Amino acid sequence: MTDASPLAAFAPYAIAGVALVLVYAVLAALLKPKAKLERRPLLTKAELELLTILRALLPRHHVNCQVSMGALLKPRAGLSRKAYSLSRNKVSQKVVDFVVMDPASGEVDAVIELDDRSHDARKDAARDKLLTQGRYQVIRIPSRPRPTREIVAQRLMELRARD
2 MTDASPLAAF
12 APYAIAGVAL
22 VLVYAVLAAL
32 LKPKAKLERR
42 PLLTKAELEL
52 LTILRALLPR
62 HHVNCQVSMG
72 ALLKPRAGLS
82 RKAYSLSRNK
92 VSQKVVDFVV
102 MDPASGEVDA
112 VIELDDRSHD
122 ARKDAARDKL
132 LTQGRYQVIR
142 IPSRPRPTRE
152 IVAQRLMELR
162 ARD
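Residue 2 is where the sequence shown starts when you use my numbering, and the numbers rise one by one after that.
Hints may be right or wrong, so weigh each one.
Pairwise CB distance ranges (calculated) [what the hints assert, rightly or not]: (1) 124 with 145: 15 to 21 Å; (2) 10 with 83: 52 to 58 Å; (3) 123 with 49: 26 to 32 Å; (4) 103 with 23: 53 to 59 Å; (5) 136 with 79: 29 to 35 Å; (6) 36 with 10: 43 to 49 Å; (7) 46 with 94: 52 to 58 Å; (8) 22 with 123: 50 to 56 Å; (9) 36 with 116: 55 to 61 Å; (10) 38 with 13: 43 to 49 Å; (11) 27 with 7: 28 to 34 Å; (12) 129 with 19: 57 to 63 Å; (13) 116 with 76: 26 to 32 Å; (14) 139 with 107: 17 to 23 Å.
Cross-link-like lysine-lysine pairs, in silico, DSSO-like; alpha carbons within 27 Å at most [stated by the list, open to error]: (15) 35 with 95; (16) 95 with 130; (17) 46 with 83; (18) 130 with 37.
These aren't lab readings, by the way, just hints derived from the structure by calculation.
Everything numeric in this text was worked out from a predicted model, so none of it was measured.
The beta-carbon is built from N, C-alpha and C at its ideal position, and this holds for glycine as well.
Based on the provided sequences and hints, a complete structural model is requested.
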(Lines of atoms letter the chains of each structure in order from A; the text may use other names.)
(Lines give C-alpha, C1' and ligand atoms only; values in the text may rest on other atoms or scores of the structure.)
Protein backbone atom coordinates (compact mmCIF):
# COMPACT_ATOMS: atom_id res chain seq x y z
CA MET A 2 0.00 0.00 0.00
CA THR A 3 1.41 3.39 -0.99
CA ASP A 4 0.72 6.65 0.68
CA ALA A 5 -0.71 9.09 -1.85
CA SER A 6 0.23 12.67 -1.24
CA PRO A 7 -2.57 14.93 0.00
CA LEU A 8 -2.18 17.05 -3.15
CA ALA A 9 -2.81 14.06 -5.38
CA ALA A 10 -6.08 13.41 -3.58
CA PHE A 11 -7.08 17.05 -4.05
CA ALA A 12 -6.28 17.17 -7.81
CA PRO A 13 -9.60 15.76 -9.09
CA TYR A 14 -11.50 18.32 -7.03
CA ALA A 15 -9.31 21.15 -8.33
CA ILE A 16 -9.82 20.04 -11.93
CA ALA A 17 -13.57 19.78 -11.38
CA GLY A 18 -13.60 23.26 -9.80
CA VAL A 19 -11.72 24.81 -12.71
CA ALA A 20 -14.05 23.07 -15.17
CA LEU A 21 -17.09 24.43 -13.33
CA VAL A 22 -15.69 27.96 -13.38
CA LEU A 23 -15.04 27.69 -17.14
CA VAL A 24 -18.54 26.33 -17.80
CA TYR A 25 -20.02 29.15 -15.70
CA ALA A 26 -17.98 31.78 -17.59
CA VAL A 27 -19.07 30.43 -20.98
CA LEU A 28 -22.73 30.23 -19.95
CA ALA A 29 -22.62 33.73 -18.45
CA ALA A 30 -21.19 35.11 -21.69
CA LEU A 31 -23.80 33.32 -23.80
CA LEU A 32 -26.73 34.29 -21.60
CA LYS A 33 -25.67 37.90 -21.02
CA PRO A 34 -28.42 40.27 -22.13
CA LYS A 35 -27.55 41.89 -25.43
CA ALA A 36 -28.09 45.56 -26.16
CA LYS A 37 -31.26 45.98 -28.14
CA LEU A 38 -30.31 48.36 -30.91
CA GLU A 39 -31.47 49.04 -34.40
CA ARG A 40 -30.33 51.18 -37.29
CA ARG A 41 -31.62 54.72 -37.54
CA PRO A 42 -31.17 57.42 -40.17
CA LEU A 43 -28.21 59.73 -39.66
CA LEU A 44 -30.31 62.76 -40.57
CA THR A 45 -33.97 63.64 -40.32
CA LYS A 46 -35.75 64.67 -43.51
CA ALA A 47 -35.48 68.34 -42.46
CA GLU A 48 -31.74 68.00 -41.71
CA LEU A 49 -31.17 66.30 -45.07
CA GLU A 50 -32.97 69.15 -46.85
CA LEU A 51 -30.91 71.73 -44.96
CA LEU A 52 -27.68 69.87 -45.77
CA THR A 53 -28.53 70.04 -49.47
CA ILE A 54 -29.19 73.79 -49.21
CA LEU A 55 -26.00 74.43 -47.20
CA ARG A 56 -23.84 72.56 -49.71
CA ALA A 57 -25.39 74.51 -52.59
CA LEU A 58 -24.87 77.86 -50.83
CA LEU A 59 -21.33 77.10 -49.61
CA PRO A 60 -19.63 75.37 -52.55
CA ARG A 61 -16.12 76.25 -51.34
CA HIS A 62 -16.66 74.67 -47.93
CA HIS A 63 -17.14 71.15 -46.65
CA VAL A 64 -20.36 70.78 -44.70
CA ASN A 65 -20.16 67.91 -42.23
CA CYS A 66 -23.15 66.63 -40.30
CA GLN A 67 -23.70 65.16 -36.84
CA VAL A 68 -20.30 66.18 -35.48
CA SER A 69 -19.38 65.39 -31.88
CA MET A 70 -18.71 68.44 -29.73
CA GLY A 71 -15.83 66.40 -28.34
CA ALA A 72 -14.21 66.71 -31.77
CA LEU A 73 -14.61 70.49 -31.62
CA LEU A 74 -13.75 71.27 -28.00
CA LYS A 75 -11.21 70.00 -25.49
CA PRO A 76 -10.48 70.94 -21.89
CA ARG A 77 -7.92 73.70 -21.45
CA ALA A 78 -4.35 72.73 -20.59
CA GLY A 79 -3.28 72.79 -16.97
CA LEU A 80 -6.57 71.71 -15.39
CA SER A 81 -6.68 69.34 -12.45
CA ARG A 82 -7.79 65.81 -13.27
CA LYS A 83 -11.22 66.52 -11.76
CA ALA A 84 -11.68 69.79 -13.67
CA TYR A 85 -10.45 68.12 -16.87
CA SER A 86 -12.99 65.30 -16.51
CA LEU A 87 -15.78 67.72 -15.66
CA SER A 88 -15.01 69.86 -18.72
CA ARG A 89 -14.70 66.83 -21.00
CA ASN A 90 -17.96 65.35 -19.75
CA LYS A 91 -19.84 68.57 -20.56
CA VAL A 92 -19.20 68.05 -24.28
CA SER A 93 -18.37 64.39 -24.84
CA GLN A 94 -21.91 63.15 -25.52
CA LYS A 95 -23.22 66.20 -27.38
CA VAL A 96 -23.51 66.46 -31.16
CA VAL A 97 -23.99 69.50 -33.40
CA ASP A 98 -26.10 69.29 -36.54
CA PHE A 99 -23.62 70.77 -39.05
CA VAL A 100 -20.07 72.06 -39.18
CA VAL A 101 -18.89 74.32 -42.01
CA MET A 102 -15.20 73.67 -42.64
CA ASP A 103 -12.61 75.37 -44.84
CA PRO A 104 -11.24 72.44 -46.89
CA ALA A 105 -7.83 74.05 -47.37
CA SER A 106 -7.08 74.67 -43.70
CA GLY A 107 -9.44 72.30 -41.91
CA GLU A 108 -10.61 75.24 -39.79
CA VAL A 109 -14.24 75.28 -38.73
CA ASP A 110 -15.87 78.48 -39.95
CA ALA A 111 -19.27 77.91 -38.33
CA VAL A 112 -21.46 75.51 -36.43
CA ILE A 113 -25.03 75.33 -37.71
CA GLU A 114 -27.97 74.07 -35.69
CA LEU A 115 -31.42 73.35 -37.08
CA ASP A 116 -33.80 74.32 -34.29
CA ASP A 117 -36.67 71.88 -34.43
CA ARG A 118 -39.18 70.82 -31.79
CA SER A 119 -36.56 68.67 -30.04
CA HIS A 120 -34.53 71.77 -29.16
CA ASP A 121 -34.86 73.42 -25.76
CA ALA A 122 -33.93 77.13 -25.69
CA ARG A 123 -32.25 76.88 -22.27
CA LYS A 124 -30.16 73.84 -23.26
CA ASP A 125 -29.33 75.45 -26.61
CA ALA A 126 -28.05 78.58 -24.85
CA ALA A 127 -25.81 76.42 -22.65
CA ARG A 128 -24.46 74.57 -25.72
CA ASP A 129 -23.87 77.87 -27.53
CA LYS A 130 -21.94 79.14 -24.51
CA LEU A 131 -19.69 76.06 -24.65
CA LEU A 132 -19.11 76.52 -28.39
CA THR A 133 -18.31 80.22 -28.02
CA GLN A 134 -15.63 79.28 -25.48
CA GLY A 135 -14.00 77.51 -28.42
CA ARG A 136 -14.55 80.67 -30.50
CA TYR A 137 -16.99 79.02 -32.87
CA GLN A 138 -19.62 81.04 -34.68
CA VAL A 139 -22.99 79.39 -34.02
CA ILE A 140 -25.73 79.93 -36.58
CA ARG A 141 -29.21 78.79 -35.58
CA ILE A 142 -31.79 78.15 -38.27
CA PRO A 143 -35.40 77.67 -37.12
CA SER A 144 -37.22 74.70 -38.61
CA ARG A 145 -40.47 76.66 -38.83
CA PRO A 146 -41.14 77.95 -41.37
CA ARG A 147 -39.39 75.21 -43.31
CA PRO A 148 -35.94 76.57 -44.23
CA THR A 149 -35.75 77.60 -47.86
CA ARG A 150 -32.66 78.54 -49.81
CA GLU A 151 -33.51 82.22 -49.27
CA ILE A 152 -34.00 81.90 -45.49
CA VAL A 153 -30.75 79.96 -45.10
CA ALA A 154 -28.88 82.41 -47.35
CA GLN A 155 -29.96 85.26 -45.05
CA ARG A 156 -28.67 83.40 -42.00
CA LEU A 157 -25.36 82.68 -43.73
CA MET A 158 -24.79 86.24 -44.97
CA GLU A 159 -21.72 86.91 -42.82
CA LEU A 160 -20.19 83.53 -43.54
CA ARG A 161 -20.74 83.82 -47.29
CA ALA A 162 -19.18 87.30 -47.32
CA ARG A 163 -15.88 85.66 -46.32
CA ASP A 164 -16.24 83.01 -49.04
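How the hints compare with the structure:
no.: 1; hint: 124 with 145: 15 to 21 Å; in the structure: 18 Å, holds
no.: 2; hint: 10 with 83: 52 to 58 Å; in the structure: 55 Å, holds
no.: 3; hint: 123 with 49: 26 to 32 Å; in the structure: 27 Å, holds
no.: 4; hint: 103 with 23: 53 to 59 Å; in the structure: 57 Å, holds
no.: 5; hint: 136 with 79: 29 to 35 Å; in the structure: 19 Å, violated
no.: 6; hint: 36 with 10: 43 to 49 Å; in the structure: 46 Å, holds
no.: 7; hint: 46 with 94: 52 to 58 Å; in the structure: 24 Å, violated
no.: 8; hint: 22 with 123: 50 to 56 Å; in the structure: 52 Å, holds
no.: 9; hint: 36 with 116: 55 to 61 Å; in the structure: 31 Å, violated
no.: 10; hint: 38 with 13: 43 to 49 Å; in the structure: 45 Å, holds
no.: 11; hint: 27 with 7: 28 to 34 Å; in the structure: 31 Å, holds
no.: 12; hint: 129 with 19: 57 to 63 Å; in the structure: 58 Å, holds
no.: 13; hint: 116 with 76: 26 to 32 Å; in the structure: 27 Å, holds
no.: 14; hint: 139 with 107: 17 to 23 Å; in the structure: 19 Å, holds
no.: 15; hint: 35 with 95; in the structure: 25 Å, holds
no.: 16; hint: 95 with 130; in the structure: 13 Å, holds
no.: 17; hint: 46 with 83; in the structure: 40 Å, violated
no.: 18; hint: 130 with 37; in the structure: 35 Å, violated
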